[in-house]
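Student: Hints given; two lone chains; assemble the complex.
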Amino acid sequence: MADDVIVLSGIKETLDALKEFDKDAVKRFTKVINSELSGAERDAKGIIKDQPPMSGWSKTDAANPRRTTRGGAGWPGWDAGEIKSKITKSKVQGKVRGDYTTSAGSLLNKSAAGAIFEIAGRKASGTKATTAQTSSGQFLRTIGNRFGKASRVVWRVVDKDRVKIEANVSRALDEAKADLQRYLNRERA
Amino acid sequence: MAVGAVVARILTQYSDKGSKAAQKDIAKLGKSFDKFGRNAARAFGVATVASAAFAVKMGKDSVNAAIADQKSQILLANSLRNTTSATDGAIAGTEAYITQLQKQFSVVDDDLRPAFGRLAALTGSLSAAQSLLGTALDVSAQSGVDLATATGAIIKASSGQFKALKTLVPGLSAATIKSKDFGKALDEVSKATAGAAGKRAETLEFRLLGLRIAFGEIQETLGYAFLPILEKFATVITVKILPAVEKFVEENKKNLANSFAVATNAAVSFLTVAIAIGNWISNNMGIVKAMGILIAGMFVVGRISAFVIAIQSITAAMAILRTTALGAAVATALATGGVSIGTAVTALAAVGATGLVTKNLFDMARGNKGGTSKNTGTKTALDNIEKRGTVAPSIDFGDNGLKDFLAGLNKNTTATNKNTKALTPMDIATQNAIKFNQARQKALSGSSDLAIGGLGSRTYIPGVSVGGSSIGSTAMGAPTAVQTSMQARIDQLAALRSKIQKKINAQTPSIAAGGSVGTTSKSGGNNVSINVQGSVISNEDLLTNVRNGLQRTTKRQFGLPPIREYAFGR
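So the sequences go chain by chain: X and L. In terms of the working numbering, the first sequence opens at residue 1 and continues consecutively. In terms of the working numbering, the second sequence opens at residue 1001 and continues consecutively.
Derived from the structure by calculation, the hints contain no laboratory data. Just so you know, not all the hints are guaranteed correct.
DSBU-like mimics (lysine-lysine), calculated; alpha carbons at most 30 Å apart, straight line [stated by the list, open to error]:
1) X:K177 x L:K1103
2) X:K95 x L:K1024
3) X:K91 x L:K1024
4) L:K1024 x X:K149
5) L:K1163 x X:K164
The following label-pair restraints were derived from C-beta to C-beta distances [claimed, not checked]:
6) X:R182 x L:T1099: 35 to 43 Å
7) L:K1163 x X:D61: 38 to 46 Å
8) X:R182 x L:S1085: 49 to 57 Å
Where is the CB? At the ideal position from N, CA and C, for every residue including glycine.
Only chain L is shown next, with the shape it has when bound in the complex (with noise of 0.2 Å):
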């Protein structure tokens, strides 16, 4: 065959490969059948599993087929009554015919029905109607068109339009087209084709066809079968389960959204938590930083069992350092003349703190309820948190573990807030001193009562001369190095009192009444104008509440008066 040339055939034959591919298909077919007889033939269980598996495939394309065909009859006989006004008997009847051209011409109901349809609702009678359709198969087998086409021609050719007709029937004459008898051409037609759809169903063609028309009863009679049952089914699933599943729904209702609730609640729950982590975190960063340390001692060491050892050795190194710090502050103290008290107390409480909160975690880390220790009045790092304003807050949560965790850190933050909030350091400090030394004096004299301060007081320490020059024996013995250090060391504290007063009194000036009065004092005292005037009653009353004012705002600046010069009035 020439490339690019116009080829025009004349002659059509069919071709082998159809006859092969149709062979193909029916070989096939009859596989499948001797496949499922051959299984069949088997034990009962296995037969059964294997026609199971066969009426699924045959089942599926059966129903598909039965749904399709029911479609094509219900078509057909709401078109019969409405055309026709075709009885239930008469749409039988014609099912019944349809049935018969299928299998004597090998033309599928599906395009009979459609078919017979449309000459129906031409003509308005069923006798007509299938006259018509005869005719029409022997020009579709004629002229080779199919049978939609034909009955279009025919169709066309009663409204006098002859062309398609003429086209699929050369043999019309045109006198016959000309004069638009539809009933003459009919005639024509009709001789000119007869026989040939019957003739076109010997074929080999069209008796596979034909078979393959049979199988397609045979799945459609299946289907037939599996419509009531996939009907009962259906029933089943609207009449049963959909209601049970609406009932479940209605009486648990509740609970399903109360199980919505919970999750809710927990994924509020988890988000709180996650925010007073955030918050006590940033709040209590020291000890974060702590656990951190220990943590990471925790993987360097790569044991848990050796995290738990090192746990029991940092609190009883805690213990240690916390007594060593103590004594070391005390004497600290001592030494420096109670200016590190203060520093003592700062060391002591922070490894006090430390301690603690290293205890909790331990007793945790065990189990434990946390914070079962006393917090003996921390500062130092807690300190931070009062210096920052900031009072971390309770945290709340739903785990047992996390919760007792967080627990004793909890209980460590309030403890530490308490604490912080009511003592200043140099609260703590002078409270601590107060004690240290009150429990030295008892132990020395057997009485914490210990005078301090006062001016021209005596400070009272049995068998020892405060203020004098000497320290003499003392019923218990002689003094110890101590009691020595601390006599010296109140010695030097009156000295320094006695000091200020006199230097209070050189700056106080004198004052006299009526009038200017010049200063006194030798160092260069001030001189005090006083005026008599208002309600006064004498000048020696007011000059005593001047004189008495003015020593009780030197004695508060520590005899420093910030004023070196009153007026009162010009």
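If we strip away everything but chain X, and leave its shape as in the complex, we get (with noise of 0.2 Å):
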């Protein structure tokens, strides 16, 4: 996971002024943003197959759940479909981090299923590897082994494209600033 990323800024502000004079660049600006997500949505979607990841998951719901987890539910099935239709992108603005950023484009992972799956094994900050000779140590090792570690699906493709989804997007970018400034030269002359 890589928390290094650049940060742009004056999309909003831009693409608002650009707006005004040439909705056509807007369009394109946001094209290229789609298609670069839509890009990584797909890859993320490749990566789910159809047969779980191990034979012992099970492709549909646990028929007794376990009152005890969470909203009553127990392990979820591997519906390869399910986990696949989750995986979105969006380009909602979320909370403002204290850096005063937020999300310009991101990947989602909604499926219970496609979450275990991406994120089992996953340290927490300061915290060890689970090494416990248990049913749940096996699963992490074996998912280990089989998969590699956490951030299996969206997270390994916003790794290995970040680098060129930023660069894209931020030459689509500048073009729409520079469009915008040419229109306020225009403008002003």
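Tutor: This is the structure:
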């Protein structure tokens, strides 16, 4: 997971201003973002296979869900269709961080099974990996051996393609700003 | 956004909330300057106060900023001297370079100096460090990390660890990494990130940051202006104020110590007084009770004046009571034939003592020195002191009012103890009876000489036949009722004495010399057997001695000899 990212500034302001002069330019920029995000989404969905990661992972939800688990639901079944359908892209500006940044584009992995497959075995900050000889420990070891460390779906795609996506979006943004500046100069003239 | 979903952010944008916050800060700063300007435009006095208030705020922040900046400069200079043997001029040039970078790229000097120090330590050259710092700034701007992280990545790469630098600069080729050629890697990094710091500085965020930095520089400048003042102030405190305080303490340490001593003595005196009062109260509970009654009466009446009047009334009542008691006691004594004389004297003394205490209290209440009255041989209430065998301690007081108050009580106690020690109740009763009779005798005959006692002697009262059957007239005229009464009493005493003497004589054995002798007493006296032995001259001498001794013993025993039979030898 890479925390070192490029912060794009002025997307909203540029697009709002550019909308007054050239809506096509706005569409072009939006198309770039959507294209990049769609490619990432597609790559993420491509990671999800029809067969469960492990043979014991049922394709259907548990018939007798444990009441003690959250919401009364048991272990979620591996439904590849559902998992893929719930991997989506988003351009919603979420909560602003302390460094005054927010999301301009992201991938979401919203299904329970997909989330388990995504982050199973992720270590919390300052903790050690689970080494217990229990069923959960065996699960983590097996899924780790087969699919690598945590961040196996959307985060894998982001880590792999972020630089390219950021570069493409940044270039598109610069073009949009240049268009805006050109229109502004023309307006001033 | 789905709850519980895994969110992988791909694109990150700067939020306008950040801009708003920054603008808010800048606007606040501008308002502060505007306010300062408006205030400065006012009257000189008001402007002075306003500027002083502003200066307090600005001064505090400025001094803190200057202190931090000075610390940062000193650390960097020390690092450069140690690692590059830089001269003062080179260090000054470095400071100028850092200041230029700060203005150019909107990076605070507090970040630039540590980074430059680390790079200088790595390369051992100021020029190489400057070059690497420029690269680090570009890497930092390109990758979005802080300068310290970028600098750390370059330092690691210099030792063959390219992972961190590869993370920040993805364009770094694998071949270069594999070759572990730092120079080549640096070239690639410089090429990939060239101009990034400058571009970043042109953004709104960093332009705002540049304003903040500029404001910070202003504060630091002000702080540097304040520092000499603070140093001067500290010097004044160190050089003038503290020595003055030390001198004052040195010169006045005795007075200070005396002050503590006075305070300590006061506390000790207070405790002593408290203890003494406690002792006095325990030894004079009767007086305390009397005082308590008076004070209770004061509160009942409710006014001080009423209390004073009550004291006066009590004093007067005591005087009347004393006179009345005197007459009553004398009359009672006469009526009871002298048996009640002691009681009369006791009552009289009690009244006198109470009156004395009351008077002293009243005198003290008026501010007079207490204890001006003569004690008249008191007993009764104060006699309790003698019975307990205790002596009330003398009380020492620091307070004049309290001292006067209790001095009277002490005086009473002392006089009472003295009197009660010297005289027993019986002594007092006897003396007073004698005095009374002498006075009466003198009134009757002009002489206080009165012969009383003595076996067979005649009581001498002119014109009065004592022991006789009649009372004749005197030269002074017919006897008074009192004289008649006293004469009758004297006759009674004489008759009683005669009766006792007869009894003694009857019980005195007749002793004869020369062996066993029978008694001659009609009333069955004792027999005495005498055997002459030793160095006795004669039997007659022995008989005489024995007879005289028996008579003396009998007289002392008031006619009741304890030994009924004497045997001298066997």
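Student: For every hint, state whether the structure bears it out.
Tutor: Verification of the hints:
Straight-line distance between C-alpha atoms of K177 (chain X) and K1103 (chain L) comes to about 25 Å, which keeps the hinted pair within the 30 Å bound. Under the criterion of a C-alpha separation no larger than 30 Å, the hint pairing K95 (chain X) with K1024 (chain L) is consistent with the structure, at around 20 Å. With a C-alpha separation of about 27 Å, the suggested pairing of K91 (chain X) with K1024 (chain L) holds against the 30 Å cut-off. Of the supplied pair hints, the one linking K1024 (chain L) and K149 (chain X) is violated, its CA atoms being roughly 44 Å apart against a limit of 30 Å.
Between K1163 (chain L) and K164 (chain X) the CA atoms are separated by roughly 19 Å; this keeps the pair inside 30 Å, and the hint holds. The hinted range of 35 to 43 Å is satisfied by R182 (chain X) and T1099 (chain L), whose Cβ atoms lie roughly 37 Å apart. Between K1163 (chain L) and D61 (chain X) the C-beta distance comes to about 42 Å, which sits within the given range of 38 to 46 Å. In this structure the hint that R182 (chain X) and S1085 (chain L) lie 49 to 57 Å apart at CB holds, the actual value being about 54 Å.
Hint 4 from the earlier list is the only one contradicted by this structure; the remaining hints agree with it.
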